[in-house]
Amino acid sequence: KLAKKLYLRCITEGERTESAVKDLASIYHQEGKTDKALNLLLQNRQVFLDQHKFKNLVYNLKKQKQPTGNALNKVVKLSPLSAKDTEFSVMNFFGNTSRILDIQVKHCGSSHFALVFFPSHSAARKTLESFVRWNKYKIEWASGETRENQMESMWSMPLDEAYSPVQESPASEIEAEQLLGKDLVIALSTALDSIHSSYLSQLIY
Numbered sequence: 037k038l039a040k041k042l043y044l045r046c047i048t049e050g051e052r053t054e055s056a057v058k059d060l061a062s063i064y065h066q067e068g069k070t071d072k073a074l075n076l077l078l079q080n081r082q083v084f085l086d087q088h089k090f091k092n093l094v095y096n097l098k099k100q101k102q103p104t105g106n107a108l109n110k111v112v113k114l115s116p117l118s119a120k121d122t123e124f125s126v127m128n129f130f131g132n133t134s135r136i137l138d139i140q141v142k143h144c145g146s147s148h149f150a151l152v153f154f155p156s157h158s159a160a161r162k163t164l165e166s167f168v169r170w171n172k173y174k175i176e177w178a179s180g181e182t183r184e185n186q187m188e189s190m191w192s193m194p195l196d197e198a199y200s201p202v203q204e205s206p207a208s209e210i211e212a213e214q215l216l217g218k219d220l221v222i223a224l225s226t227a228l229d230s231i232h233s234s235y236l237s238q239l240i241y
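Per our numbering, the very first residue in the sequence shown carries number 37; after that it's consecutive.
In case anyone wonders, no lab produced these hints; they're calculated from the structure. Everything numeric in this text was worked out from a predicted model, so none of it was measured. Hints are supplied without guarantee of correctness; some may be wrong.
[Claimed, not checked] Listed next, the in silico DMTMM-like pairs over lysine to aspartate or glutamate satisfying Cα-Cα at most 25 Å (straight line):
#, residue 1, residue 2
1, K142, E176
2, K172, D138
3, K91, E54
4, K99, D59
5, K99, E123
6, K40, E54
7, K41, E54
8, K99, D86
9, K91, E123
10, K72, D59
11, K142, E123
12, K120, D86
13, K120, D59
14, K174, E123
15, K120, E54
16, K162, D86
17, K162, D138
18, K98, D86
19, K142, E165
20, K99, D121
21, K99, D71
22, K69, E54
23, K69, D59
24, K91, D59
25, K91, D138
26, K40, D71
27, K98, E54
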């Protein structure tokens with residue numbers, strides 16, 4: 037608080053104004069007040085001698101304010117479930133449930149699935165490492181925007197290959213091809229062989 041008061045005084049009195057504006061904006065950003073930091077910069081644009089650096093600073097703050105695609109992925113869709121599945125049974129599919137915020141089981145006609153909510157994308161990915169039913173269920177990132185008609189109001193997209201059933205379960209090659217497609221299975225297998233060979237080479241030499 038004292039630092040902010042000092043920076044505000046410097047800005048008001050015109051003492052080391054550019055430096056004070058940048059430092060105060062940095063504090064606001066660290067506090068999660070990026071909008072306030074941007075407003076401060078824009079209101080004091082005239083004190084910046086290098087306008088190119090000023091524009092870069094504003095651009096970087098705006099870029100950090102906008103969440104990336106991964107940051108938006110905090111909800112996982114798990115399907116297909118049986119009509120008897122509950123939030124409790126879905127919870128048991130994970131070895132580590134400490135990062136799970138909520139589980140909602142949805143029933144739309146003959147379609148049954150669950151939405152698993154996490155506080156962040158990284159928390160979701162960490163929890164997926166403990167998922168134990170890759171050979172039976174399909175996992176996708178979901179928007180979580182469920183309304184009265186969940187099937188129409190929710191989009192989903194597949195997880196990346198780092199969490200494919202080929203690596204996380206003892207599924208057979210035939211099952212893997214059915215889940216992922218033959219071309220992707222071959223590509224993953226080739227990549228894993230290459231990584232394994234590289235690792236062995238490092239051990240030998």
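For each hint, the structure was consulted:
Restraint check: the Cα-Cα separation between K142 and E176 comes to about 15 Å, which is no more than 25 Å; the hinted pair holds. A distance of roughly 22 Å separates the Cα atoms of K172 and D138; the hinted pair therefore holds under the 25 Å criterion. Pair hint K91 plus E54 holds up; C-alpha atoms about 14 Å apart against a cutoff of 25 Å. Distance check on the hinted pair: K99 and D59 sit about 19 Å apart at the alpha-carbon level, within 25 Å; holds.
Proximity of K99 to E123 is assessed by CA-CA distance (about 37 Å); at most 25 Å being required, the pair is judged violated. This hinted pair checks out: K40 and E54 have alpha carbons roughly 14 Å apart, not beyond 25 Å. For the given pair, K41 sits about 16 Å from E54 by alpha-carbon distance, which is consistent with the 25 Å threshold. Among the hinted pairs, K99 with D86 is consistent with the structure: their alpha-carbon atoms are about 20 Å apart, no more than 25 Å.
A distance of roughly 49 Å separates the Cα atoms of K91 and E123; the hinted pair therefore is violated under the 25 Å criterion. About 13 Å separates the Cα atoms of K72 and D59, which keeps this hinted pair within 25 Å; it holds. Between the alpha carbons of K142 and E123 the distance comes to roughly 10 Å, so the proposed pair stays at or under 25 Å and holds. Distance check on the hinted pair: K120 and D86 sit about 65 Å apart at the alpha-carbon level, beyond 25 Å; violated.
The suggested pairing of K120 with D59 is violated, with an alpha-carbon distance near 57 Å, which exceeds 25 Å. In summary, the hint linking K174 to E123 is supported, as the alpha carbons are separated by about 17 Å, within the 25 Å threshold. The suggested pairing of K120 with E54 is violated, with an alpha-carbon distance near 64 Å, which exceeds 25 Å. Taking the CA atoms of K162 and D86, the gap is near 43 Å; set against the 25 Å cutoff, the hint is violated.
In summary, the hint linking K162 to D138 is supported, as the alpha carbons are separated by about 16 Å, within the 25 Å threshold. A distance of roughly 19 Å separates the Cα atoms of K98 and D86; the hinted pair therefore holds under the 25 Å criterion. Of the pairs offered as hints, the one joining K142 and E165 holds, with about 24 Å between alpha carbons and a cut-off of 25 Å not exceeded. Under the criterion of a C-alpha separation no larger than 25 Å, the hint pairing K99 with D121 is inconsistent with the structure, at around 42 Å.
At most 25 Å may separate the alpha-carbon atoms for a hinted pair to count; K99 and D71 meet this at roughly 12 Å. This hinted pair checks out: K69 and E54 have alpha carbons roughly 19 Å apart, not beyond 25 Å. Taking the CA atoms of K69 and D59, the gap is about 14 Å. The hint holds against a cut of 25 Å. For the given pair, K91 sits about 16 Å from D59 by alpha-carbon distance, which is consistent with the 25 Å threshold.
About 41 Å separates the Cα atoms of K91 and D138, which puts this hinted pair outside 25 Å; it is violated. Taking the CA atoms of K40 and D71, the gap is about 16 Å. The hint holds against a cut of 25 Å. Note on K98 and E54: the hinted pairing holds, with a Cα-Cα distance of about 19 Å set against a maximum of 25 Å.
Hint check: violations occur at hints 5, 9, 12, 13, 15, 16, 20, 25; the rest are consistent with the structure.
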